[in-house]
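Q: Chains as they are written, first to last, in this note's numbering: chain A, 1 to 175; chain B, 1 to 491.
No wet-lab data here; the hints were simulated from the structure. The beta carbon of each residue, even a glycine, is placed where N, CA and C say it ideally should be. Among the clues, some could well be false.
Not everything, but these chain B residues come out facing chain A in the computed CB check (under 8 angstroms) [as the list claims (entries may be wrong)]:
# : residue
1 : Asn340
2 : Ala346
3 : Val358
4 : Arg363
5 : Lys364
6 : Leu365
7 : Val369
8 : Ser372
9 : Ile376
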Amino acid sequence: MNDSPLQDKLAALRLAFDRAFAVAPVTSRAPTEDLLAIRVGPDPYAVRLAEISGLYADRKVTILPTAIPELLGITGVRGAVVPVYDLRALFGYPLGEPSRWLMVAAGTTVGFAFDGFDGHLRFPKAERLSEEPGRAGPYTRGVLTTGDVSRPVLNVGNMLEAIQRRAQAARTQEE
Amino acid sequence: MTRHWTFGQRLAAGFAVTVVLAIAIGIVSVYALRAVVTSKDSVINVNAHNLTEAERLRATLERKIAAFRGFLLSPEDQYLERMREARSEFLAALARLKGNVITEESRQMIDAVERFEAEHQQVAERLVAQRRRSTAPLDPVAQAFDEQAAPKRDQIDGSIRSFVSLEERLLGQARQASTDTASSAINTTVVIAVIVVLFSVLAAVFLTRTLGRQIGTAVGQVQSSSAELQSAANQQATGAKEQATAMSEITTTITELLATSRQIAESAQRVAQIAEQTAEAARSGEGTVEKAHESIAGIRRQVDQIVSHMLELGKKSQQIGAVLDIVSELAEQTNILAINATIEAAGAGEAGKRFAVVAEEIRKLADRVGGSTKEIRSLIEDVRGAVNTTVMATETGSKTVDVGSRQFSEVAASFKRIAASVATTMEAAREIELSTKQQTSAVEQVNVAIADVAQTTKETEASSSQTLQTASQLATLSKDLMRVIQPQHAV
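Please work from the sequences and hints to get the whole structure.
A: Structure representation (structure tokens):
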């Protein structure tokens with residue numbers, strides 16, 4: 001087995017790390033769009049980084065008795081109690097293994113659980129973003145195509161509204 | 001029981017009965033003769049003696065009376081002396097008669113004679129005294145003699161005559177009794193003699209019939225046996241001839257057997273030599289196999305070490321995988337932190353831009369670390385797969401080595417068995433050689449013995465002819481004997 005590729009890779013990593021502290025900060029550049037590549041069920045999705053306030057993994061979720069089928073339970077994030085909703089249930093996927101990943105909607109204390117995190121995507125704004133509807137219907141606002149993979153971009157606002165409606169309907173039903 | 005008596009026993013029994021009867025005849029005869037003798041003796045000793053003594057009494061009485069008369073005629077002492085002597089003899093004869101008589105009547109007569117004699121003696125003594133005293137004439141004395149002494153003498157004579165007549169009568173009775181006893185003994189002897197003759201005739205007839213039957217049966221059996229003996233002698237002669245022929249063939253066969261035994265001995269010797277060479281080759285092969293077995297054992301130890309090292313390598317790979325999991329998780333957490341830092345930097349506005357740049361760099365680094373960990377994980381998986389494949393291959397090789405080792409062990413065991421079998425074969429070949437030599441010696445002895453047997457067979461043949469001749473003579477003899485015993489049944 002040849003060790004030189006691993007040594008080269010290690011040297012490249014060390015060089016990149018050191019360069020991050022050595023080069024001058026780039027302050028002026030073209031506006032970019034940051035997205036997170038995720039998976040709900042078997043399908044890939046994307047969510048704008050601006051629409052979430054945090055990304056977490058392996059959080060313990062406490063189950064609550066509730067009439068809302070999408071509500072998995074509650075968890076604690078930075079001192080706040082956050083209700084966690086299952087995107088698979090919200091998007092109509094069949095239930096499966098508990099979701100490992102959690103993201104908190106920006107400006108709220110509502111969390112969404114999803115199955116996989118594929119990485120951080122950054123590219124110039126409006127580039128390669130079509131407006132055609134995605135697989136999740138009203139919960140998306142376009143499709144991001146990277147290579148051969150097409151990712152519907154989630155509309156977190158619509159998702160919050162739908163959750164509020166469900167919550168109200170459940171409250172009404174309880175009353 | 002008499003059926004089982006032998007010839008001699010029956011003859012002895014017949015003679016014994018005859019002898020017993022003869023002894024009985026003898027006893028009866030002796031008894032009768034003794035009775036006759038006793039009667040005769042009684043007649044002679046008692047009656048005749050008594051008559052003799054009576055005559056002696058009469059004679060002495062006459063002598064006494066003659067002496068008495070003489071004295072009366074001439075009174076001399078010699079007459080007295082004669083008189084006393086005659087009287088003494090008279091009394092002695094009387095005493096003998098007294099002791100000899102056996103009947104009361106005779107005794108009374110003797111007593112009467114004694115009494116009359118005493119009275120006569122008194123008269124005589126008185127007349128003697130009278131004659132001696134006086135020298136007177138003889139007449140008164142003669143008268144007194146005739147008146148006193150003569151009657152007494154007549155009484156004595158009368159008594160003696162009566163006694164004599166009595167004794168004569170008793171003598172006649174005794175003679176008749178003796179004659180009767182003798183007649184009775186003769187009759188008894190005759191009767192017993194007749195019985196003996198009858199029994200002897202019966203015994204002779206019985207013995208003749210019985211013994212004739214027995215001897216006839218025995219002679220018949222002798223005839224049958226002699227016939228069988230003739231047949232057996234013929235068969236024996238024939239068998240002896242066949243045996244002589246067979247002996248000749250056996251001698252030829254034994255000669256061939258002798259040659260074959262010698263060939264077998266030589267072959268066994270060659271087999272023993274070849275077996276010894278084979279044993280040497282087997283021992284050499286056993287040493288070679290033993291070395292190969294040791295080499296295989298060394299290979300097996302090395303293969304075991306390879307398996308151990310490979311398993312150790314697998315464990316190290318697992319440990320590397322665990323470390324890589326930690327690195328991957330650290331990269332993931334770093335990525336999450338970088339993303340959250342980016343979010344926070346965006347929320348901080350212009351002031352957070354520089355921080356956002358750093359966060360971006362950290363995130364990129366975390367991404368690249370994550371990618372590298374994935375590549376390393378792939379490489380480690382390849383290594384683990386190769387290790388597993390190698391372990392499986394080495395285990396297969398180890399099993400193959402085991403199989404080879406077992407096969408070599410079996411080969412070694414087979415070589416040992418071959419060596420043992422060859423040793424056994426060599427020993428057996430030597431024993432065969434020795435046994436064959438002994439067999440050759442024994443066959444030679446058998447050959448000599450067969451020659452002796454052939455000679456004996458010839459002698460047997462001659463003896464069979466002699467036996468046949470003897471059997472023929474025996475058959476003739478038995479026919480003659482049968483003719484003697486049972487002429488009507490003789491052929």
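Q: Are there hints from earlier that the structure breaks, and if so, what are their numbers?
A: none
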